[in-house]
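Chains as they are written, first to last, in the numbering used here: chain A, 27 to 284; chain B, 122 to 333.
Treat the hints with care, since some could be wrong.
A few chain A positions that, by computed beta-carbon distances, are all more than 10 angstroms from chain B [as the list claims (entries may be wrong)]:
#, residue
1, Val236
2, Phe242
3, Ala270
4, Gln275
5, Val279
Derived list of chain A stretches under chain B, where covered just means 3 residues or more per stretch with a C-beta under 8 angstroms from a C-beta of chain B [claimed, not checked]:
#, region
6, 36-46
7, 65-75
8, 203-216
Don't read these hints as lab results, they were simulated from the structure. Idealized CB from N, CA, C, for every residue including glycine.
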Amino acid sequence: MSGSTASERLQLLVAGYILGNLDPEEAAEFEHLLNDDPAIAEEVNRMQKTLELSYAPPEMEPPAHLRSAILSAHASQSLAPVQASAPIQSVTGKPIRRSFSWSRAINVAAAIAIATLAINNYRLRQALQASQIETQRLATIVYSLQTTSSGNTASATIEVDPNRLEAVLTVQNLPPLTAGKVYALWTVVEQDAPVTKDDKNAILTEVFTVDAQGRFSQAIAVPKVFRSADWVSNVAVTVEDAVAPQEHQGEPVMMTDL
Amino acid sequence: MCCLTPTCVMPYPSGDTEQPSPGQRDDQTDAELYRALQAGWTEALGILYDRHAGLVYSIALRALVSPQEAEDLTQDIFLNLPKSTAYDPRRGSLRTFLAVLTRSRAIDRVRSRSIARSSLERFQASQSTEPCCQSPFEQVFQHEQSQEVQAALAQLPEGDQQILRMVYYDGLSQSEIAEQLNMPLGTVKSKTRRTLLKLRQTLADYVESSHL
């Protein structure tokens, strides 16, 4: 994707990513777009460069010894994370934390900390087990999509696992598209659903093409709204421009009434 | 030391934090390396250091002036990265996170140094009289900007520049900015993005021709 053809919405998502202020729904959408078109990464680089040319100082190489000092210190930490007998030296030669020399005090503190952590760990395990049991209650949901045109026999199923937010999308008899076009799978939600959606109340869920026989089958990620399936009013497929499927210009070619 | 290659942009990894083989290292995104580092793959730190140490060190040096202190801060930033829980690779770039974190830590250190009292007073004085304007550090940065960048920034309304500085220099969250500027949260989000996009469009040719 070159800058000239990028949609403004996509570029605003890129800007949000560079500024670190994407919300979870936008992050999921951006992830889809980036996976579908790795060239978007180039635009991410340019946006990052723009920010740094404008607001960061010119880069300076740190001294060569700093790299080995940091990696050595990190290796020490990784090998002996709880042993304080060999204090990590800062690059200026001073211990990073003076408290490393207070070995007795640290031993006492460590014992208390271990006991506290053991209790916390037990409680967290109980909470986690309860949470997992709760999550596992969500049953698999299967949506069947039928063609909206009488001219073909296209059909699709999407089998959603709400616990893992994954689904298997299987499509049959969908006509192959010309170059530059893709099929887009939309999760259509209720108007008052508390999620980020486009002006057609839809969330772009997957972009795909079919083979010469009109088939497509793949595991895909699905949005969190499937954990509250009552908010999902429809699942639909449209034909979109490959460079900007998020524009949602096409009419449904397959959908299901729930 | 340039990170701005396709290899260091995030495509998000697909959940698992498998350790890459040596031949894959250059293809790993920052997000993948960050997750691998947190999962215990120590070599990831060296790769991330090679990509971003120049940015971190230069920000630290400008703020702290002393090369030794800048080295200490750079070390602190990278050694704490494996333990950091503040960065979410799905929602933002690692470089911006590191830049904001470094500047924030550097200012903390300046504030804690008695020998920097006068600098801090100047910083506070500049803030109290001109709440919209840059700290001395930022003023130094701006002196080194190219004419193209200065011209592009000059085209932006001061309020838009201020919001970008609050994000990138001060590391303020959107809600903190909204509160300080008495502005709706959504407006803050869209303003920051649109301002950066405007810069991107104005500087398109310059960005293409520049090499960090």
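Verification of the hints:
1. Val236: Holds, because the least Cβ-Cβ distance between Val236 (chain A) and chain B comes to about 23 angstroms, which exceeds 10 angstroms.
2. Phe242: holds, 19 angstroms
3. Ala270: holds, 16 angstroms
4. Gln275: holds, 22 angstroms
5. Val279: Consistent with the label, Val279 (chain A) stays out of reach of chain B, its closest Cβ about 28 angstroms off (over 10 angstroms).
6. 36-46: holds (count 8)
7. 65-75: holds (count 8)
8. 203-216: Violated: only 0 residues of the region 203-216 of chain A have a Cβ under 8 angstroms from chain B.
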